[in-house]
Amino acid sequence: MAMAALRREGRRFAVPLISPLRSSLAPSEYETMEQAVSGARSISTQIVRNRMKSVRNIQKITKAMKMVAASKLRAIQTRAEKSRGLWQPFTALLGDTPSVDVKKNVIVTVSSDKGLCGGINSTSVKISRGLYKVNSGPEKESKYVILGEKAKAQLVRDSKKDIQLIITEWQKNPLNYTQVAVLADDILKNVEYDALRIVFNKFQSVVSFLPTTTTVLSPEVVEREAEAGGKLGELDSYEIEGGETKSEVLQNLTEFQFSCVMFNAVLENACSEQGARMSAMDSSSRNAGDMLDRLTLTYNRTRQASITTELIEIISGASALQG
Amino acid sequence: MASNAAVPFWRSAGMTYITYSNLCANLVRQCLKEPYKSEALNREKVHFSVSQWVDGKPQKPSN
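Sequences listed follow chains A and B, in order. FYI, in full-length UniProt numbering the residues of the first sequence are 1 to 323. FYI, in full-length UniProt numbering the residues of the second sequence are 1 to 63.
Hints were generated in silico from the structure; no laboratory data involved. Mixed in with the good hints there might be a few duds.
Label pairs and their in silico Cβ distance ranges [as the list claims (entries may be wrong)]:
hint	chain 1	residue 1	chain 2	residue 2	range
1	B	GLY56	A	LYS103	18 to 26 Å
2	A	LEU297	B	ASP55	56 to 64 Å
3	A	SER247	B	LEU32	31 to 39 Å
4	A	ALA75	B	LEU32	17 to 25 Å
5	A	VAL207	B	HIS47	26 to 34 Å
6	B	LYS33	A	VAL156	42 to 50 Å
Okay, derived cross-link-like pairs now, DSS-like style, lysine-lysine, Cα gap no bigger than 25 Å in a straight line [as the list claims (entries may be wrong)]:
hint	chain 1	residue 1	chain 2	residue 2
7	A	LYS189	B	LYS37
8	A	LYS103	A	LYS189
9	A	LYS143	A	LYS114
10	A	LYS189	B	LYS45
11	A	LYS161	A	LYS189
12	A	LYS126	A	LYS202
13	B	LYS37	A	LYS172
14	B	LYS57	A	LYS161
15	A	LYS66	B	LYS37
16	A	LYS160	A	LYS114
17	B	LYS45	A	LYS114
18	A	LYS246	A	LYS104
19	A	LYS53	A	LYS66
20	B	LYS45	A	LYS72
21	A	LYS103	A	LYS161
22	A	LYS189	A	LYS172
23	B	LYS57	A	LYS189
24	B	LYS57	A	LYS104
25	A	LYS126	B	LYS57
26	B	LYS57	A	LYS140
27	A	LYS114	B	LYS57
28	A	LYS246	A	LYS231
29	B	LYS57	A	LYS103
30	B	LYS57	A	LYS143
31	A	LYS160	B	LYS57
32	A	LYS126	A	LYS114
33	A	LYS60	A	LYS114
34	A	LYS82	B	LYS57
35	B	LYS57	A	LYS133
To give an idea of the interface, some chain B residues facing chain A are shown, with a C-beta separation under 10 Å as derived from the structure [to be verified]:
hint	residue
36	VAL7
37	ASN22
38	SER49
39	VAL50
40	SER51
Where a beta carbon is used, it is the ideal one built from N, C-alpha and C, also for glycine.
Make the full structure from the sequences, and use the hints.
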């Protein structure tokens, strides 16, 4: 079976004009089409050997990438978990209001600059699109702010008109608060918003990430919601020190909240990225191993078959001379 | 006191609270002694590129 496959492969390269259709076959389909090839005797195993070599090289690369991702993940995981303490007080104070209904929505999509990390970027893009749909309507407008190359590539295709700001190359240096704060500042200065919705992948474990949105309201909306009561209504029970008015305090608070939430989002997303890359690379090196096993089997069988054929020829030739 | 004015002095200078707090943080960092000072300042590198999009077209990127 495998021999026939190899024979055909050898022939395919030698006489490509005879069977141009076969060149488009996937390896698994070789085995279903068993035909004896007439006139083919000794088979070149060169192609299989080359293929094996390239598969082995790819496996080495994916293994190395997995190692790199694992070590990066460990470093960033502790930071991400620590940074959760930054937004938790804000949620305790202001509550999380993902369902708030406002006119100007800004969706901040956090993604990575590099690929090869499974589906985390597509998930956050998908969630962003969903948010866009949920929040669109008459007299409302939604805009995208995109962090990272990958979400940019996906969103540019169909939502060009709604992109307001694209920020890339922010992962060149190790992430730090100063950088994220400057970034958040740039976003705040360049967009008009009633609610900022940040979409990112929250790190759960190495193999699971939760697509998450966090909502940051503008001070005016916070005041409006506070009048309506609910969690935000409790804001009035706080005493404000100094000569600042409530709206000033709220504005400062929102800005600071945004930068903190962004910091956490960026870290969580980077953490999920490394985790996803790790598991993606793990499965691809396993696949490469499987492929290599199959190829080795085929290769050895063919070699053995050709040896047997040669032996038979020699022996029958010798016995013909004797007889 | 500046905070008694209608708006704080840094906001009338066009800063957001983030910029202001960053500036303050930077000042505190500069109060460190060597070698901690350069270490702390080295940690806080800022690099990214921003491009504004208007009507589906990127404007000139700025840094």
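These are the hints, each one checked on the structure:
no., hint, result
1, B:GLY56 to A:LYS103: 18 to 26 Å, "holds (21 Å)"
2, A:LEU297 to B:ASP55: 56 to 64 Å, "holds (58 Å)"
3, A:SER247 to B:LEU32: 31 to 39 Å, "holds (36 Å)"
4, A:ALA75 to B:LEU32: 17 to 25 Å, "holds (23 Å)"
5, A:VAL207 to B:HIS47: 26 to 34 Å, "holds (31 Å)"
6, B:LYS33 to A:VAL156: 42 to 50 Å, "holds (48 Å)"
7, A:LYS189 to B:LYS37, "violated (30 Å)"
8, A:LYS103 to A:LYS189, "holds (18 Å)"
9, A:LYS143 to A:LYS114, "holds (24 Å)"
10, A:LYS189 to B:LYS45, "holds (21 Å)"
11, A:LYS161 to A:LYS189, "holds (20 Å)"
12, A:LYS126 to A:LYS202, "holds (15 Å)"
13, B:LYS37 to A:LYS172, "holds (22 Å)"
14, B:LYS57 to A:LYS161, "holds (8 Å)"
15, A:LYS66 to B:LYS37, "violated (35 Å)"
16, A:LYS160 to A:LYS114, "holds (21 Å)"
17, B:LYS45 to A:LYS114, "holds (20 Å)"
18, A:LYS246 to A:LYS104, "holds (23 Å)"
19, A:LYS53 to A:LYS66, "holds (20 Å)"
20, B:LYS45 to A:LYS72, "holds (19 Å)"
21, A:LYS103 to A:LYS161, "holds (17 Å)"
22, A:LYS189 to A:LYS172, "holds (23 Å)"
23, B:LYS57 to A:LYS189, "holds (20 Å)"
24, B:LYS57 to A:LYS104, "holds (21 Å)"
25, A:LYS126 to B:LYS57, "holds (22 Å)"
26, B:LYS57 to A:LYS140, "holds (22 Å)"
27, A:LYS114 to B:LYS57, "holds (23 Å)"
28, A:LYS246 to A:LYS231, "holds (17 Å)"
29, B:LYS57 to A:LYS103, "holds (24 Å)"
30, B:LYS57 to A:LYS143, "holds (14 Å)"
31, A:LYS160 to B:LYS57, "holds (8 Å)"
32, A:LYS126 to A:LYS114, "holds (18 Å)"
33, A:LYS60 to A:LYS114, "holds (20 Å)"
34, A:LYS82 to B:LYS57, "violated (39 Å)"
35, B:LYS57 to A:LYS133, "holds (22 Å)"
36, VAL7, "holds (7 Å)"
37, ASN22, "holds (5 Å)"
38, SER49, "holds (5 Å)"
39, VAL50, "holds (5 Å)"
40, SER51, "holds (5 Å)"
Of the numbered hints given earlier, the model fails hints 7, 15, 34; all others are met.
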